[in-house]
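For the protein sequence lines, the chains are A and B, in the order given. The C-terminal residue of the first sequence carries number 172 in our numbering, and the numbering is unbroken. The C-terminal residue of the second sequence carries number 107 in our numbering, and the numbering is unbroken.
Do not take every clue at face value.
To be verified - A short list of chain B residues far from chain A (calculated; beta carbon distances all over 10 Å):
hint	residue
1	P6
2	L11
3	R27
4	A54
5	R55
6	P64
As the list claims (entries may be wrong) - Footprint (simulated), chain B over chain A, 3 or more residues, beta carbon under 8 Å:
hint	stretch
7	73–85
8	137–147
Said to hold, decoys possible - Simulated restraints on C-beta separations:
hint	chain 1	residue 1	chain 2	residue 2	range
9	A	T150	B	G29	36 to 42 Å
10	A	Q8	B	V49	22 to 28 Å
11	B	W35	A	V146	49 to 55 Å
12	B	R27	A	A81	25 to 31 Å
13	B	P64	A	A85	54 to 60 Å
Because the hints were derived from the structure by calculation, they are not lab data. Source: prediction; values computed, not measured. A virtual CB, placed ideally from N, CA and C, is assigned to each residue, including glycine.
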Amino acid sequence: MPLPDPAQQRSALEQLYVEHERGLYNVAYRYVWNRDDARDVVHDAFARLWRKRTAIDWERAAGLAYTIVLGIARNRRRAFAIRRALGLARDERPEVAPPDVELAAARRDAAVRRCIDELPDRLRSVLVMCLYSGLDHAQIAAVLGVALGTVGSRRSEAVARIRAILEERGHD
Amino acid sequence: MTDDLPDVPALRVLEPPAGGLTALRERLGQRRTRWWLLALPAVAAAAIVLGIVARSPRPPAPPPPTAVLESGVYWVASTPGPRRRPLPPPPRVVSIDQLPTVTERRP
């Protein structure tokens with residue numbers, strides 16, 4: 001239910017941030033593949049939540065936060081694709097695997113990133129939400145606006161597709 | 001991580017950078033600059049300037065130039081016709097007194 005007191009709204013927002021920062025950050029990161037951008041996405045989402053603070057049902061705010069983060073992350077991803085097509089951005093994101101990872105593992109890591117990138121959004125969103133959000137399938141279904149059974153089937157489809165791509169490219 | 005997927009850094013859970021809540025508080029404390037609000041006074045100022053310019057008296061327009069043909073001015077065709085051959089010089093008329101002396105006169 002909405003909170004009338006600004007102090008309560010502020011407290012609810014900060015509590016929401018503390019509880020879901022990691023999940024939101026990890027979901028955003030799998031869209032933008034850059035730590036700074038992922039943090040910006042999360043902060044943009046909380047700034048939007050703060051602007052709508054008087055109308056928010058704070059008991060369901062976590063789902064709303066994930067919905068907003070997914071929307072902003074998709075938009076950034078789309079904008080990056082356009083800039084890359086216009087030659088205004090580099091083809092590869094600057095972040096790569098950590099330097100302590102050996103070459104074969106680094107290649108495998110890059111291959112997995114490419115696999116996630118190549119997934120259609122309906123599969124990627126379900127996969128990253130299942131892996132990182134900490135929400136149960138019913139909550140994820142509500143966030144994504146799909147049926148409960150669809151979450152499980154899309155997650156399985158996404159995993160199967162990633163494994164198939166990795167096997168095809170000799171990374172399994 | 002899940003056992004369905006390979007254990008690679010791309011899939012591992014990342015820790016968000018430290019100080020996220022502090023940065024968020026700073027961001028929420030900032031006043032947003034709504035640049036589109038500046039469009040309203042800008043449009044109003046432009047309308048006032050245009051109104052003043054439109055109402056200011058203008059100098060009377062000079063009368064349109066009229067073509068006056070003066071004597072001695074002749075219209076000629078702008079495109080000349082085909083060039084004629086030069087006319088042969090007219091025969092020179094010489095009076096008999098001025099004829100050259102070719103023969104002697106006999107008295």
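Checked hints:
Its closest Cβ contact with chain A, about 6 Å, brings B:P6 to no more than 10 Å, contrary to its assignment away from the interface. With a least CB separation of 6 Å from chain A, B:L11 falls inside the 10 Å interface cut-off, contrary to its annotation. At roughly 6 Å, the least C-beta separation between B:R27 and chain A is not larger than 10 Å, which violates its mark as non-interface. Separation of B:A54 from chain A is adequate, the least Cβ-Cβ distance of about 41 Å exceeding the 10 Å criterion.
Taking the minimum C-beta to C-beta distance to chain A, about 44 Å, the non-interface status of B:R55 holds against the 10 Å cut. The claim that B:P64 lies off the interface holds: its Cβ sits roughly 54 Å from the closest Cβ of chain A, which is beyond the 10 Å cut-off. Beta-carbon proximity to chain B at under 8 Å applies to 0 residues in the stretch 73–85 of chain A; the threshold of 3 is not reached and the given coverage is violated. Beta-carbon proximity to chain B at under 8 Å applies to 0 residues in the stretch 137–147 of chain A; the threshold of 3 is not reached and the given coverage is violated.
Against the hinted window of 36 to 42 Å, the Cβ-Cβ separation of A:T150 and B:G29 comes to about 41 Å, which satisfies the hint. Checked against the given bound of 22 to 28 Å, the beta carbons of A:Q8 and B:V49, roughly 49 Å apart, lie outside it. Between B:W35 and A:V146, the C-beta spacing of about 38 Å breaks the proposed range 49 to 55 Å. A hinted range of 25 to 31 Å holds for the C-beta pair B:R27 and A:A81, which are about 27 Å apart.
Between B:P64 and A:A85, the C-beta spacing of about 57 Å keeps the proposed range 54 to 60 Å intact.
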